[in-house]
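Participant: The chain contents come next:
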Amino acid sequence: MTERLTFSTYAARLRDFIRQNSSGELTASNAEEQFQELATQLFGLQREGNPAYRTFCQARKVTAESVADWRSIPAVATAAFKEFEVTSLPEAERTRVFHSSGTTGERPSRHFHNAESLAIYEASLLPWFETHVGARGLRFIMLTPTAEQAPHSSLAHMFDAVGRKFAAADTFFMGRVEGDGSWTLDLERTVELLREAITVKRPVRLLGTAFSFVHLLDYLAEVGERLHLPIGSRVLETGGYKGRSRSLPKAELHSLITQWLGVAAQNIVCEYGMSELSSQAYDREVLSAERGVQRRVFQFPPWARVQVVSPETGREVGEGETGLIRVFDLANVRSVMAIQTEDLGIRRGSGFELIGRATLAEPRGCSLMSV
Amino acid sequence: MNLPNYFLADLPPEAVLTGTMIEETCQALKRNRETYMVQRTTASLIRLLSGTAENWLEADYPFRKYALEQGPKETGFSAATLAAGLDGFFRELTGENLQALLVQDIGHLQRLDSPVASTAEQKLQRAALASGPEFLVHITAGRIPNPTFMSIVLGVLTRSAQFVKCSSGATFLPRLFAHSLYAADPKLGACLEVASWRGGSAHLETALFKEADCVTATGSDETLAAIRRQVPARTRFLAYGHRVSFAYITQEALSGFSPKKIVAAAAADVVAWDQVGCLSPHVIYVENGGAISPELFAEQLAGELGRREQAEPRGELPAESAAVIASKRAFYEIRAAHSPETRHWCSENSTAWTVIYEADPMFQLSCLNRFIYVKGVGNLTEALQSADSVRGSVSTVGLAATEEKSTELVTQLGHWGVTRVCPLGRMQSPPLTWRHDGRPSLGDLVTWTDWEQ
Numbered sequence: 001m002t003e004r005l006t007f008s009t010y011a012a013r014l015r016d017f018i019r020q021n022s023s024g025e026l027t028a029s030n031a032e033e034q035f036q037e038l039a040t041q042l043f044g045l046q047r048e049g050n051p052a053y054r055t056f057c058q059a060r061k062v063t064a065e066s067v068a069d070w071r072s073i074p075a076v077a078t079a080a081f082k083e084f085e086v087t088s089l090p091e092a093e094r095t096r097v098f099h100s101s102g103t104t105g106e107r108p109s110r111h112f113h114n115a116e117s118l119a120i121y122e123a124s125l126l127p128w129f130e131t132h133v134g135a136r137g138l139r140f141i142m143l144t145p146t147a148e149q150a151p152h153s154s155l156a157h158m159f160d161a162v163g164r165k166f167a168a169a170d171t172f173f174m175g176r177v178e179g180d181g182s183w184t185l186d187l188e189r190t191v192e193l194l195r196e197a198i199t200v201k202r203p204v205r206l207l208g209t210a211f212s213f214v215h216l217l218d219y220l221a222e223v224g225e226r227l228h229l230p231i232g233s234r235v236l237e238t239g240g241y242k243g244r245s246r247s248l249p250k251a252e253l254h255s256l257i258t259q260w261l262g263v264a265a266q267n268i269v270c271e272y273g274m275s276e277l278s279s280q281a282y283d284r285e286v287l288s289a290e291r292g293v294q295r296r297v298f299q300f301p302p303w304a305r306v307q308v309v310s311p312e313t314g315r316e317v318g319e320g321e322t323g324l325i326r327v328f329d330l331a332n333v334r335s336v337m338a339i340q341t342e343d344l345g346i347r348r349g350s351g352f353e354l355i356g357r358a359t360l361a362e363p364r365g366c367s368l369m370s371v
Numbered sequence: 001m002n003l004p005n006y007f008l009a010d011l012p013p014e015a016v017l018t019g020t021m022i023e024e025t026c027q028a029l030k031r032n033r034e035t036y037m038v039q040r041t042t043a044s045l046i047r048l049l050s051g052t053a054e055n056w057l058e059a060d061y062p063f064r065k066y067a068l069e070q071g072p073k074e075t076g077f078s079a080a081t082l083a084a085g086l087d088g089f090f091r092e093l094t095g096e097n098l099q100a101l102l103v104q105d106i107g108h109l110q111r112l113d114s115p116v117a118s119t120a121e122q123k124l125q126r127a128a129l130a131s132g133p134e135f136l137v138h139i140t141a142g143r144i145p146n147p148t149f150m151s152i153v154l155g156v157l158t159r160s161a162q163f164v165k166c167s168s169g170a171t172f173l174p175r176l177f178a179h180s181l182y183a184a185d186p187k188l189g190a191c192l193e194v195a196s197w198r199g200g201s202a203h204l205e206t207a208l209f210k211e212a213d214c215v216t217a218t219g220s221d222e223t224l225a226a227i228r229r230q231v232p233a234r235t236r237f238l239a240y241g242h243r244v245s246f247a248y249i250t251q252e253a254l255s256g257f258s259p260k261k262i263v264a265a266a267a268a269d270v271v272a273w274d275q276v277g278c279l280s281p282h283v284i285y286v287e288n289g290g291a292i293s294p295e296l297f298a299e300q301l302a303g304e305l306g307r308r309e310q311a312e313p314r315g316e317l318p319a320e321s322a323a324v325i326a327s328k329r330a331f332y333e334i335r336a337a338h339s340p341e342t343r344h345w346c347s348e349n350s351t352a353w354t355v356i357y358e359a360d361p362m363f364q365l366s367c368l369n370r371f372i373y374v375k376g377v378g379n380l381t382e383a384l385q386s387a388d389s390v391r392g393s394v395s396t397v398g399l400a401a402t403e404e405k406s407t408e409l410v411t412q413l414g415h416w417g418v419t420r421v422c423p424l425g426r427m428q429s430p431p432l433t434w435r436h437d438g439r440p441s442l443g444d445l446v447t448w449t450d451w452e453q
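Line by line, the protein sequences give chains W and Z. Everything in the first sequence is counted per this note's numbering, starting at 1 for the first residue and increasing by one. Everything in the second sequence is counted per this note's numbering, starting at 1 for the first residue and increasing by one.
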């Protein structure tokens, strides 16, 4: 006898899948089979229980029965999270909402959660984070405000969860939320904490957004203080700039991190995540077939899959080709699993190299694209 | 076709330009002008220009053939789009139209040759001579070549030495036009230079602007402000900022004329130059209450764009631009699923064309490349209120209206700040006499010598 599938029973199965993946007890074909099964189950639940998604699927004439493969599950544009409540949670059950950190004046995306979906979020976050960044018992310095100060930031929540799990007594949040909602950094205190770590030779984890690192690096350059973080330290850098600091090409930011913080490129990890997702991708510098070319290739955990799709045809591009990143995240339980981002990437195996947000960069003729 | 090395733009891509090279070029251009240009008559220059234009319209003219063969790779426009756009320009470049331009902007055909008087001036016992700048610099922008062609034509009429600085990657067609002038008249060609570099290369631009008597520039507000800072205070600076355009279709037009023709005209405006110019429509406003609804109009426009794609395919897009279209489509698909007030039609398996219908009249900037909004409105007042965010930046309105109503609508558009109204279907083909951004293009270049007799 099979029990009736609900979001809760699905969540239990997903946890089990995450556990099996993390303990390495799954064969590849087994993992694929289970992913397929969980994906179609979750699609069925979301098509039924998420009104905005149901409307979307109906317009596309996609029924629960017509989807036999996770790759054909309709993906929802991240922009839809700005206009619609893409959730299966009734209003009364929404205990938390994450907003995208868009540019000022823009409507943010809203991703609603309750205690159960947040628990799944953490169950997805922690093992993959640990694989790429974490080590228990180290000092964590976060260049963001606390989750309490920034309740709508999925990043602050992520860092909060990571801190609680890996360094409960030794986690520091260096960001502050200002009156206008912007984030600032307690630079002096940050440097003080880093110096302490150097003195006692204890490796740290330094986590922040690209723009917070620019502020920190600019400060170090200004005061002329070059730090050499203890061996074993790692930096996690995420997200873009959104006009909050001057923006730097990734390679330049990383070389400045090496220069001013003494952390080598192989110990800098980039995270790819967004408020609309519940799993994160991390990159590793990969030596490609072309000799000497270092590439940073992002990988999602086995419970989230990525496709790079051609903007022209919507079909998956070939290896090494450029397209839009589409994520199938089994941990996105109460919103939608299949998310179509506006980010361009290059397909590399089961991962991707990030190019970034597609914008109308080129001024075309006399069109006023910046209005 | 092997183009000889006449212009800096002909140099191999690895060639590095220096400030000294620019200075020397400017000096040579000025010397050549003094020797070869100053004594020319307007009539001879008009013959040269119109003759070259006639050549460009010949199917076997080598420069045209080369433009259509290599153009798709060099410019990103399909051969058919290029042919239509180039023909539109060169068909306008006739002796008659050039004469009309002279009369319109400076009042007399021989005004640039000697002091002359129009009938009105004769009565006042006055005459006047107009002189062009000795050295004219054009900073051009964008992928559409016609504005650059027109700048060169104006500079030829004013007998100026000319330096055309194109945005990087956009020299191909201006270069071919310059070569065609050179082939027709090498001495005149020796008074013209075409080059390209990344805007803001101060060492080149300082050298260039120092020599200029007049600088024309097209670009964003920031680009123009940056150029303005570099141009010496005494040098005339003519800035053409970014503009947007839209179309407006009245209910009487849809009821009275053949709606099919109106749809075809609207499609022509979306297709021309792949919609990437400042004269291309972002939005087509359609009045409610006509023989076909705005929504049905949008549907028919989609059908027409699909047909046009067969004959005149859109150029290939870089992934970034295609991704922007794909992302916009993905958003409107969801919006359309939720409300009958939004509908969308998209080319299959490509981003070739997209029509978004919205009942909400709020003006939307399109991501272009044949991505068009159709919006329903009650009347022009409502459309203009909805377009308030771009007020002051609107160039062209392509209008489909009955004759009786047109004068009233054009008056309203003019008072609101629109600088050009044309029939729908001709938005990207302004006449030679077009006053660019509401200013006399030739008139702004000259300096007058008044003679009170």
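No wet-lab data here; the hints were simulated from the structure. Careful, some of the hints might be misleading.
[Said to hold, decoys possible] To give an idea of the chain W side of the interface with chain Z (calculated C-beta under 10 Å), a few residues: (1) ARG60; (2) ALA64; (3) ALA79; (4) GLY318; (5) ARG348; (6) SER350; (7) LEU354.
Computed from a prediction, not measured in an experiment: that's the story for all the values here. The C-beta atom is built at its ideal place from N, Cα and C for all residues, glycine as well.
Participant: Determine for every hint whether it applies to the structure shown.
Facilitator: Against the structure, the hints come out as follows:
1. ARG60: holds, 8 Å
2. ALA64: violated, 17 Å
3. ALA79: holds, 4 Å
4. GLY318: violated, 13 Å
5. ARG348: Status violated, d = 16 Å.
6. SER350: Check failed: Cβ of SER350 (chain W) comes no nearer than 21 Å to chain Z, outside 10 Å.
7. LEU354: violated, 13 Å
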